[in-house]
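Protein chains in written order, with numbering that gives the first Met the number 0: chain A, 0 to 385; chain B, 0 to 273.
Rather than coming from a laboratory, the hints here were simulated on the basis of the structure.
Since this is a predicted model, take the numbers as computed values, not measurements.
For each residue, glycine too, the CB sits at the ideal point set by N, CA and C.
There may be inaccurate statements among the hints.
Stretch-level coverage of chain B by chain A, calculated; a stretch enters the list once three of its residues show a Cβ under 8 angstroms from a Cβ in chain A [to be verified]: (1) 21 to 34; (2) 67 to 81; (3) 94 to 106; (4) 148 to 162; (5) 255 to 268.
Simulated coverage check for chain A against chain B, where a stretch passes if three residues somewhere in it have a Cβ under 8 angstroms from a Cβ of chain B [unchecked claim]: (6) 18 to 31; (7) 109 to 122; (8) 318 to 324; (9) 364 to 373.
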Amino acid sequence: MTAGLTGNPPERTVKDMQSRRDQVMAAVIILPSVILLGIFVYGFIAQTVRVSMTDWGQEAAMVINPKITYVGMANYRELFTGFLNMRFRQDLTNMFFFTLLFVGFSLLVGLLLAVLIEQLVWGETFFRTVFLYPMSLSFVVTGTIWRWLLQPRGGINALPTLVGLPAGKFLWLTSREQTLTFDWSHIFHYLCLGVLIVSAAAAFSSWTGGDRRKLRARLAICAVLIGILASGILTRIKLLPFAEAHGFNKALWGVVIAAVWQMSGYTMALYLAGLRTIPDELREAARVDGASKFQVYRYVDFPLLGPITVSAVVILGHIALKIFDLIFAMAGPDHYPTSVPAITMFLKTFRGNELAVGSAIGVILLILVSLLIIPYLVTSFRAEER
Amino acid sequence: MTKPRGATRVLVQVLAVLLAIAYLIPVYMTLVTSLKDPKEINLMTAWQLPSQVNWESYSTAFRQFAPYLKNSFTLAICATALSAIMGSLNGYVLSKYPLPGRNIIMPLIVFGMFIPYQSVLVPLFQFMQRTKLYGGLPGLILVHVVYGLPITTLLFRSFYEEIPTELIGAASIDGADFFGIFRYVILPLSGPPFLVVCIWQFTQIWNEFLFAVTLTRPNAQPITVALANLAGGQAVSWNLPMAGSVLAAMPTVLIYILLGRYFVRGLLAGALKG
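Can you build the whole structure from these sequences, using the hints too?
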């Protein structure tokens with residue numbers, strides 16, 4: 000099985016048998032959709048980019064023929080370095096940690112559930128249904144229910160008292176505590192560190208895969224990055240004239256729990272579909288060679304689930320970057336500690352009438368999602384053409 | 000796959016039961032809270048069953064939510080039907096006709112289902128105001144049809160690629176034209192794909208929030224917005240939001256329970272070829 004968005008390539012079309020008129024008809028049928036998507040997706044994106052480079056907002060948004068001036072990248076500069084936009088920078092930090100935790104835990108829990116279901120003797124359908132039902136709910140419903148479950152002095156925190164233990168004290172959504180703090184001025188330093196971690200992981204995978212040439216290239220990249228980090232060059236860039244602390248807001252745990260509860264069934268379904276396509280002969284062969292049950296999973300099943308994991312990371316990752324409704328319903332749009340760029344975009348655009356700034360945030364979100372989606376689409380459709 | 004024996008077998012079963020309880024806890028809490036008298040709802044006793052079952056929250060929530068539920072049904076049914084029909088025709092064309100630029104069109108269409116809608120929201124908002132579509136259900140239906148096209152086209156295309164080309168060749172020799180083939184060859188085989196696509200679209204549109212909250216006036220709002228407004232208010236006791244959540248979740252959960260197999264197929268088709 001290969002992961003990808005697409006079905007089989009349509010190698011055998013019926014060109015010879017189709018009349019010219021049918022060809023024209025086909026083009027006419029598809030044209031409205033192409034035009035609609037051309038306008039609503041690509042035209043509107045272009046317009047958003049244009050608006051994001053103007054000063055359109057506040058009073059100008061209220062009048063019929065506003066005077067709008069071109070301001071270049073000023074809105075972007077303001078968002079990343081402006082004194083008043085500290086919230087947006089914490090939004091980005093929140094989004095980063097939320098994405099990491101949500102994708103990580105969804106994969107882990109989903110895999111655990113899939114393996115568990117494979118091992119069940121009875122009730123397979125029942126348990127699969129139970130683990131997957133949250134997927135059919137709206138994020139607004141999930142958010143409303145979990146908001147009640149995560150009340151500081153009730154719900155989950157009161158659960159231990161049912162068996163005589165002391166009540167939990169953690170403030171799931173309202174905590175103001177922050178850990179893993181860093182200075183935003185040094186953001187490039189940390190971005191470089193992030194790239195290093197990714198390259199090191201890539202190098203490790205080419206090492207286990209035995210690809211010598213790729214390994215050497217990736218190790219070279221790692222060495223360069225370590226050099227840059229050690230030299231401290233990036234910490235000398237002064238992005239802000241002042242130190243600005245950002246970090247992981249513990250209040251995000253509440254959102255992560257609700258999101259994993261809703262989406263882990265999805266990864267479970269993906270992994271289950273994957274496990275079912277692995278032929279039993281492969282496992283049998285490993286067992287004949289003396290592999291234990293755990294080793295069969297470790298060396299036969301998990302490596303074959305690689306492509307599915309890539310798909311899951313892309314799908315879950317883009318959901319995490321766009322997350323809006325869940326946080327809106329759980330904590331409200333005005334709750335600082337759990338805010339993300341999508342929330343601030345909504346507030347700036349529809350409450351503050353700052354259409355240009357809202358557009359700029361929209362473009363930033365689009366760029367982040369594209370970094371994830373475009374490589375995935377390109378590889379999927381290239382595989383199809385072959 | 001071989002199943003475990005002996006002690007592990009029991010252990011696996013117990014673990015599954017515990018996890019299932021954990022996944023069902025929110026349902027328990029929702030139902031229990033929604034059936035309590037508002038005076039009885041209290042953080043310390045939240046886990047206890049109601050001393051007396053009180054259905055009033057449901058009748059109140061239903062009275063309050065009826066217009067929004069109606070909006071959601073109108074919206075989801077119209078948008079689902081239109082996007083499914085268009086997706087079916089698109090999928091037919093893109094899987095069976097060698098149009099110029101076909102290899103580029105498909106990824107360009109599919110990209111549309113991944114974009115963060117925040118990146119089109121400002122121009123979309125302007126467009127809706129200029130065309131006087133802003134605020135009402137027809138506008139919201141249009142938006143959901145357009146942004147639903149990528150997934151419906153993709154799903155139908157991958158289904159139709161499984162239909163052998165010989166079948167179409169035979170129909171064409173018998174004199175069937177473009178619509179003849181669609182009507183007599185493609186459509187009779189389209190039952191399952193239509194079910195998968197409609198279930199997927201209905202669930203997505205019913206559950207959607209961003210377009211609903213930014214592009215509608217209060218009288219055209221779908222249930223998700225009404226629920227968020229109700230639960231977001233501060234002075235509300237929790238029985239109403241919980242009863243409201245049950246009402247808002249009912250249609251999609253029923254679909255999932257009754258037609259789960261097709262729901263899962265739609266879920267997987269977005270990410271997998273299989």
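Hint check results:
1. Here's how the region 21 to 34 of chain B fares: 7 of its residues keep a CB closer than 8 angstroms to some CB of chain A, so the rule of at least three is met and the hint holds.
2. With 0 residues carrying a beta carbon less than 8 angstroms from a beta carbon of chain A, the region 67 to 81 of chain B misses the three-residue requirement, and the given coverage is violated.
3. Under a criterion of three residues with beta carbons nearer than 8 angstroms to beta carbons of chain A, the stated coverage of the region 94 to 106 of chain B is upheld, 9 such residues being counted.
4. Judged by the Cβ-Cβ criterion of 8 angstroms, the region 148 to 162 of chain B is covered by chain A as claimed, because 9 of its residues qualify and three suffice.
5. Evaluation of the coverage hint for the region 255 to 268 of chain B: fulfilled, as 7 residues show C-beta separations to chain A shorter than 8 angstroms, against a requirement of three.
6. For a cut-off of 8 angstroms, the count of residues in the region 18 to 31 of chain A with a CB near a CB of chain B stands at 10, and the three-residue condition holds.
7. With a threshold of 8 angstroms between beta carbons, the proposed coverage of the region 109 to 122 of chain A by chain B holds, since 9 of its residues qualify and at least three are required.
8. For the region 318 to 324 of chain A, the assignment as covered by chain B holds, since 4 residues bring a beta-carbon within under 8 angstroms of that chain's beta-carbons and 3 suffice.
9. For a cut-off of 8 angstroms, the count of residues in the region 364 to 373 of chain A with a CB near a CB of chain B stands at 5, and the three-residue condition holds.
Violation of the numbered hints given earlier is confined to hint 2; every other hint is satisfied by the structure.
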